[in-house]
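A.B. asks: Kindly produce the complete structure, drawing on both the sequences and the hints.
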Amino acid sequence: MDMFTLMSGLQLTCIYAILAIGVSIIWSSLGMLNLAHGFTFAAAGYGAWWAASMFGKSALVVFAAGITTGALVGVVIYVLAFLYIYDKPNYPVRALIATMAINMMGVQLLMWWFGPRMKPLPKVFGFGSVKFGDVVVTYSQLGTVVCSVGVLGILLAWLGISRRGLEIRAMMQNPEGAALVGISLRKTALWVMILSGALAGLAAVLLSQTFFVSPYAGLQPLIKGLIVALLGGLGSIGGAMIGAAMVGFAEALTASHLGGQYVLMVQFTMIIIILLFRPRGISGLLDEAREE
Amino acid sequence: MAMENQRPHSAPSASLVGHRSWFPRIRLTGQRDLKRYRIPLTRRTWFQGRAVVNPRDLTRQYKLDDKRPWFWIAGLVAALIIPILVGTNLALTAATTFALYSAINLMWMLVIGTAGIFSLATLAVVGASAYLTAWLSIEFGITWPVMLLLGTLIGLVFGAIIGLPALRIDGLYFALLTMGVVELCRVYVVQSRTFGSATGGLYGADTFIPVAWQLKTPGLILGYVAAFALMLAMLGIYRLVNGQRLGLLLATARESEASAEALGINYQLARFTVFLISSAALGFIGGFYAAYFKGASPSLFSIDQVMLLFAMIVIGGLGRAEGAVVGTGIVVLLDKLFTEFGPIRFIVIGLIMLGVTLFARNGLLGIRDQFIEFRNKKKSERRSERTEKGGEPLPEEASEIRDKDQIYFRRFDKNLRDHLKTLVTPELIEEHRIKPLGQHSDALERVLNYFRGAGGENKYVLYEMKANTEYKIIVTTGEKGIPPRDADGIVYTNKNDALHAVFLKRVQDLMDS
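So the protein sequences, as listed, match chains H and E. First residue of the first sequence: 1, per our numbering; consecutive thereafter. First residue of the second sequence: 293, per our numbering; consecutive thereafter.
Treat the hints as calculated values from the structure; they're not laboratory data. We put the beta carbon where it would ideally sit given N, CA and C, even for glycine. Hints may contain errors.
Covered stretches of chain H (in silico footprint by chain E; criterion: 3 or more residues with CB under 8 Å from a CB of chain E, positions within the stretch not fixed) [claimed, not checked]:
no. : stretch
1   : 40-49
2   : 85-97
3   : 136-147
4   : 271-283
Quick list of in silico lysine-lysine cross-link-like pairs, BS3-like style, CA-CA up to 27 Å [claimed, not checked]:
no. : chain 1 : residue 1 : chain 2 : residue 2
5   : H       : 88        : E       : 671
6   : E       : 628       : E       : 670
7   : E       : 751       : H       : 88
8   : E       : 787       : E       : 797
9   : E       : 787       : E       : 751
10  : E       : 671       : E       : 706
11  : H       : 88        : E       : 670
12  : E       : 751       : E       : 772
13  : E       : 758       : E       : 706
Per label pair, the in silico range of CB-to-CB distance [what the hints assert, rightly or not]:
no. : chain 1 : residue 1 : chain 2 : residue 2 : range
14  : E       : 509       : H       : 116       : 21 to 27 Å
15  : H       : 87        : E       : 551       : 55 to 61 Å
16  : H       : 126       : E       : 445       : 55 to 61 Å
17  : H       : 174       : E       : 459       : 26 to 32 Å
18  : E       : 353       : H       : 174       : 18 to 24 Å
19  : E       : 437       : H       : 174       : 25 to 31 Å
20  : E       : 663       : H       : 179       : 46 to 52 Å
21  : E       : 676       : H       : 162       : 41 to 47 Å
22  : H       : 162       : E       : 674       : 43 to 49 Å
23  : E       : 437       : H       : 6         : 54 to 60 Å
24  : H       : 212       : E       : 663       : 27 to 33 Å
25  : E       : 329       : H       : 174       : 30 to 36 Å
C.D. replies: See the structure below:
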């Protein structure tokens with residue numbers, strides 16, 4: 001593996017990990033498979049683009065706008081797909097369908113409002129590159145890796161240390177038990193949705209350094225996020241990270257050795273094989289407890 | 293009819309008793325027994341109904357227990373006729389799409405609803421079969437009946453390959469796996485030279501529409517009728533699988549897999565069988581697709597298309613055939629007939645989907661059940677809120693009382709007592725104390741009349757032990773042979789005092805009731 005493949009693999013791993021951890025936390029704490037994550041992603045991209053065109057192209061503005069939009073969309077999803085039905089019968093399936101509907105509507109709204117043309121985001125990390133020996137690493141690659149590793153580190157530490165993180169972890173283990181010890185499911189769920197929305201927003205800004213913002217931009221990240229979260233075992237943050245590394249490096253290696261068109265094929269073949277051997281994902285144990 | 297003739301003064305009104313609305317009914321004359329037509333070779337009747345006596349006017353009538361067959365027939369006939377009557381190319385193609393998607397959705401419903409396998413590869417089976425049969429038709433010149441046959445086989449094989457992991461992987465993980473299969477197929481088809489990567493699809497297969505009719509109204513009508521027949525066939529398969537042995541086995545397994553296993557039900561095998569049956573049917577649909585469109589396009593493998601199909605079955609309601617058909621109808625109508633609205637129509641579809649999921653537990657077709665459940669819940673809430681009973685039978689008690697007069701009598705009695713309670717005042721008691729016998733005020737007279745009318749059970753009466761000097765109050769039991777008991781053991785020497793004491797006791801009971 002050469003340095004370039006390693007670097008792009010690392011970059012993809014980071015972005016997939018951010019997306020998948022969002023999906024995974026929502027699943028395990030809210031019991032909802034969030035199919036509107038793709039819309040959150042696309043909307044955050046548009047938010048960042050709009051802010052950049054309004055208030056200037058500084059990195060701070062772009063990041064702040066992307067993350068805020070993502071968090072806001074998270075709140076919208078919380079209101080539409082969780083708040084009203086979370087204690088009603090048939091909730092998991094209904095939540096899944098509701099988020100799917102939100103995704104469909106949201107993408108079409110973006111299409112209607114902004115048109116199908118792709119929009120570029122400003123390069124927040126600049127255009128330069130650094131040399132490690134004989135390998136050139138662009139600033140955006142380096143920035144993505146540093147940024148996402150930093151954010152994920154802070155997030156995990158926050159989940160581990162803070163009171164709110166404790167509540168979220170309690171809800172992930174057993175929502176009913178969490179409610180019994182006095183944790184408000186609604187409040188905690190709101191925090192989870194804001195958090196995962198913000199993560200999706202961050203991923204949108206980071207990924208839009210290489211790709212463009214478009215209404216359908218969310219589909220691939222959504223699929224990748226779902227794949228990684230499921231592959232790692234829903235509800236497991238460690239599993240999601242391992243899954244992200246596997247999918248990210250598989251993508252980078254395939255792209256450099258076989259060609260871009262085989263990326264999906266290789267990824268899905270890998271997933272099918274892994275699922276055949278570990279039917280609940282790499283570290284999927286919590287799922288058993290989650291089912292009623 | 294005979295009954296009505298005996299009633300010269302009352303015209304046969306729509307509702308003779310009560311204020312309930314009028315329901316259409318099939319009257320029976322009584323001369324001839326109700327003839328039941330059975331489905332050949334079975335003991336089933338076409339419609340489930342029975343002869344009953346209408347409790348209101350005592351005429352005999354035929355009561356349909358299950359009205360759904362009528363709705364099915366009416367709906368299907370309308371669906372068949374209206375597009376042909378409209379006759380425009382747009383209406384016919386939209387209707388054909390509707391029939392085709394309904395057929396696919398019915399089989400998908402079998403997989404999701406009956407077998408409980410969350411597969412997203414339904415459309416992929418259709419696509420694989422369509423692509424392969426189209427390719428075979430182009431390369432080897434096979435005709436359309438052979439395409440249908442081969443399509444079924446291809447579907448069976450494809451279904452077996454996808455279905456086997458379902459025995460091991462469950463729920464969302466299987467959904468992910470099937471999504472992977474769909475994506476693999478799409479990427480393969482888009483890139484493969486053999487399957488028309490250059491032309492955006494594979495075209496030129498044999499078709500059942502005669503050459504002269506192609507892309508003309510007769511051809512479109514033929515296509516629609518054929519697609520409609522396909523949908524009917526799929527409805528039949530759905531009914532056979534879901535309503536018969538396999539469906540029952542799986543319904544048991546859905547309740548509890550462990551108990552189904554304990555009963556000796558091999559639900560995994562049943563699941564797999566259902567998956568195979570539906571896959572074979574989907575393969576047949578694939579062959580039909582290739583024969584209708586003269587080929588196949590990569591859109592069969594797109595995630596968007598899968599999501600749209602899922603929206604259809606979700607809007608209709610999971611786990612019911614009518615849900616698949618109605619949901620498909622709504623979405624196809626919006627999607628095909630309002631194309632000039634662009635993305636807005638998808639927003640509308642999304643809104644319908646969101647509304648249905650938020651407010652309906654199981655799709656549009658589940659609203660009726662949900663409403664009945666809601667109404668029952670409200671009823672029992674009201675019932676439990678009512679703390680005061682006062683002799684009036686509560687609804688659950690009332691349903692047990694055969695003589696309905698009793699219910700009304702007790703309700704009247706309760707209302708009467710409620711009214712009398714308002715009349716009892718210190719002045720009234722004082723009036724009675726002064727003059728227990730003789731002419732009284734209206735209020736006192738009413739109260740006393742009520743006391744006089746009471747039954748013999750637990751009634752306070754005066755017992756004259758010694759003429760004009762010793763009285764005591766006893767309570768009658770109301771049963772023959774059981775002597776009355778002493779009320780309080782006090783001996784009254786004055787008749788008026790004794791009468792007033794009885795009055796006070798009765799008033800006490802009235803106020804306590």
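A.B. asks: A range of 18 to 24 Å was offered for this pair. Does it hold for the Cβ distance of residue 353/E and residue 174/H?
C.D. replies: Between residue 353/E and residue 174/H, where Cβ atoms are some 56 Å apart, the hint is violated.
A.B. asks: Compare the distance between the alpha carbons of residue 787/E and residue 751/E with 27 Å, and conclude whether the hinted pair is satisfied.
C.D. replies: Holds, because 18 Å separates the two Cα atoms, which is no more than 27 Å.
A.B. asks: What's the verdict on residue 671/E and residue 706/E, does the C-alpha distance respect the 27 Å limit or exceed it?
C.D. replies: At roughly 21 Å apart (the allowed maximum being 27 Å), residue 706/E and residue 671/E satisfy the hint.
A.B. asks: Is 30 to 36 Å respected by the C-beta to C-beta distance linking residue 329/E and residue 174/H?
C.D. replies: Violated, at about 57 Å.
A.B. asks: Residue 88/H and residue 670/E: Cα distance at most 27 Å?
C.D. replies: Holds, at about 17 Å.
A.B. asks: Three residues or more, CB to CB closer than 8 Å: is that satisfied between the stretch 85-97 of chain H and chain E?
C.D. replies: Per the Cβ count (7), the hint holds.
A.B. asks: Is residue 751/E within 27 Å of residue 88/H, Cα to Cα?
C.D. replies: violated (54 Å)
A.B. asks: Need the status of pair residue 88/H, residue 671/E: alpha-carbon distance at most 27 Å?
C.D. replies: Holds: residue 88/H and residue 671/E sit about 20 Å apart, inside 27 Å.
A.B. asks: Note whether the CB distance of residue 437/E and residue 174/H lies within 25 to 31 Å or breaks it.
C.D. replies: Given a distance of about 58 Å, which is not inside 25 to 31 Å, the answer is violated.
A.B. asks: Does the hinted range 27 to 33 Å hold for residue 212/H and residue 663/E at CB?
C.D. replies: Hint violated: Cβ distance 48 Å, outside 27 to 33 Å.
A.B. asks: Indicate whether the distance between the beta carbons of residue 174/H and residue 459/E respects the range 26 to 32 Å.
C.D. replies: holds (29 Å)
A.B. asks: If I claimed the Cβ atoms of residue 87/H and residue 551/E lie 55 to 61 Å apart, would that claim hold in this structure?
C.D. replies: Violated, since residue 87/H and residue 551/E (Cβ atoms, about 27 Å apart) do not stay within the stated range.
Comparing the model with each earlier hint shows violations of hints 1, 3, 6, 7, 13, 14, 15, 18, 19, 20, 24, 25; every other hint is respected.
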